[in-house]
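Given these sequences and hints, build the entire structure.
Everything in the sequence shown is counted per our numbering, starting at 70 for the first residue and increasing by one.
Honestly, the hints are just simulated from the structure, not real lab data.
Keep in mind that a hint or two might mislead.
To be verified - Using 25 Å as the maximum straight-line C-alpha spacing, the simulated DMTMM-like pairs for lysine to aspartate or glutamate come out as follows:
| # | residue 1 | residue 2 |
| --- | --- | --- |
| 1 | 355 | 307 |
| 2 | 314 | 353 |
| 3 | 372 | 269 |
| 4 | 364 | 318 |
| 5 | 372 | 310 |
| 6 | 314 | 343 |
| 7 | 125 | 136 |
| 8 | 324 | 251 |
| 9 | 324 | 307 |
| 10 | 314 | 269 |
| 11 | 324 | 351 |
| 12 | 324 | 353 |
| 13 | 314 | 368 |
| 14 | 314 | 285 |
| 15 | 130 | 95 |
| 16 | 364 | 310 |
| 17 | 130 | 115 |
| 18 | 355 | 368 |
| 19 | 324 | 343 |
| 20 | 125 | 95 |
| 21 | 324 | 269 |
| 22 | 355 | 343 |
| 23 | 314 | 257 |
| 24 | 364 | 353 |
| 25 | 324 | 368 |
| 26 | 372 | 353 |
| 27 | 324 | 310 |
| 28 | 324 | 257 |
| 29 | 130 | 104 |
| 30 | 314 | 351 |
| 31 | 125 | 104 |
| 32 | 130 | 120 |
| 33 | 364 | 343 |
| 34 | 372 | 351 |
| 35 | 125 | 115 |
| 36 | 355 | 310 |
Claimed, not checked - Derived Cβ-Cβ restraints for the label pairs, each shown as a range:
| # | residue 1 | residue 2 | range |
| --- | --- | --- | --- |
| 37 | 112 | 133 | 30 to 38 Å |
| 38 | 97 | 132 | 27 to 35 Å |
| 39 | 302 | 280 | 33 to 41 Å |
| 40 | 98 | 127 | 39 to 47 Å |
We put the CB at the ideal spot given by N, CA and C, even for glycine.
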Amino acid sequence: MLRRLLLATGLLLAAALPGRAQDAADLVVRLNRLENQSRQMAGQIETLQYENRQLKEQLRKFQEDVEYRFQEGKGRPAAPAAGGTPAKPQKRSDAFDPTLSPSAPGAPQPLGATAPSTPRVVAAAPATPSASATLAPPAAALDDEAAPGFGAPVDLAPPRAPVAVAPPVRARESIAATGTGDARADYEAAYAYVLQRQYEQAEMSLRQFIQSHPRDALVPDATYWLGESYLQRNRTREAAEQFLKVSTDYARSRKAPDAMLKLGASLNALGAREQACATLAELERKFPQASAAVKQGVDREQKRARCAA
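Structure, rendered in structure tokens:
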């Protein structure tokens, strides 16, 4: 009704004022859009109301089913009555009651009411004792854990002293136990594993040496060879950490140039090419008196990393 009234008003305005006919047409279009939106919203509201009613109905049925199952008490004891004593569960109509049919099969019988069954007689041949049968120990005596009893064989051998079995010693404990307390001897023993290419044993021995002798003059060398043991097993990141420690914490040691060279190679292997090139360039500035072997290694690693000249 409102739409018709507005439409008629718009037509009258269009007839009375020809200059505003376009505004009236726009007003009619907007009214049509509002009406369509109103219809859509009304439809959505009806759909939501219907779904809400369905959910309420499902919830009601679910609650009724739960209450029914709770009252049935399947698999659960009945709730106590108001007086404090638990109520007895009701019996099913199809359940077997032995009090109603005492003679039915399966009903409990009083003790001694049933006749004993006739024992089965098995004819056995008379056993003739033999020497092997009389000397054989019973089955229970053959068990090592069973205590010797009557009829068990007598052991004439003298009792043996129990043999003490030492618990297994792990590799780290065995290496730590071999420490002599002499720093030079411990370092030489650890360095021998490096020469034999037994890098796992070398790692544990060198770590034990550094822990036992933290202020010894051979600690920079041990740290360098510890990094080398990692590098030979492709544990590049751990190797770079040890080489960095030598080149910074022990920069005045004889292994510092070699450690810085290995640090550049390790960084290049890790994909840090710019850091590797910077490290190799810093080596030439920091250690101008490095050996010829170290300088050749720097040139080789710079070419491998494609460092700018």
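A quick look at each hint next to the structure:
no.	hint	result
1	355 / 307	holds, 24 Å
2	314 / 353	holds, 18 Å
3	372 / 269	violated, 31 Å
4	364 / 318	holds, 22 Å
5	372 / 310	holds, 23 Å
6	314 / 343	holds, 20 Å
7	125 / 136	holds, 17 Å
8	324 / 251	holds, 22 Å
9	324 / 307	holds, 18 Å
10	314 / 269	holds, 20 Å
11	324 / 351	holds, 16 Å
12	324 / 353	holds, 15 Å
13	314 / 368	holds, 23 Å
14	314 / 285	holds, 16 Å
15	130 / 95	violated, 53 Å
16	364 / 310	holds, 22 Å
17	130 / 115	holds, 23 Å
18	355 / 368	holds, 16 Å
19	324 / 343	holds, 23 Å
20	125 / 95	violated, 45 Å
21	324 / 269	holds, 21 Å
22	355 / 343	holds, 18 Å
23	314 / 257	holds, 21 Å
24	364 / 353	holds, 8 Å
25	324 / 368	holds, 18 Å
26	372 / 353	holds, 15 Å
27	324 / 310	holds, 15 Å
28	324 / 257	holds, 16 Å
29	130 / 104	violated, 40 Å
30	314 / 351	holds, 16 Å
31	125 / 104	violated, 32 Å
32	130 / 120	holds, 15 Å
33	364 / 343	holds, 19 Å
34	372 / 351	holds, 16 Å
35	125 / 115	holds, 15 Å
36	355 / 310	holds, 19 Å
37	112 / 133: 30 to 38 Å	holds, 32 Å
38	97 / 132: 27 to 35 Å	violated, 53 Å
39	302 / 280: 33 to 41 Å	violated, 21 Å
40	98 / 127: 39 to 47 Å	holds, 44 Å
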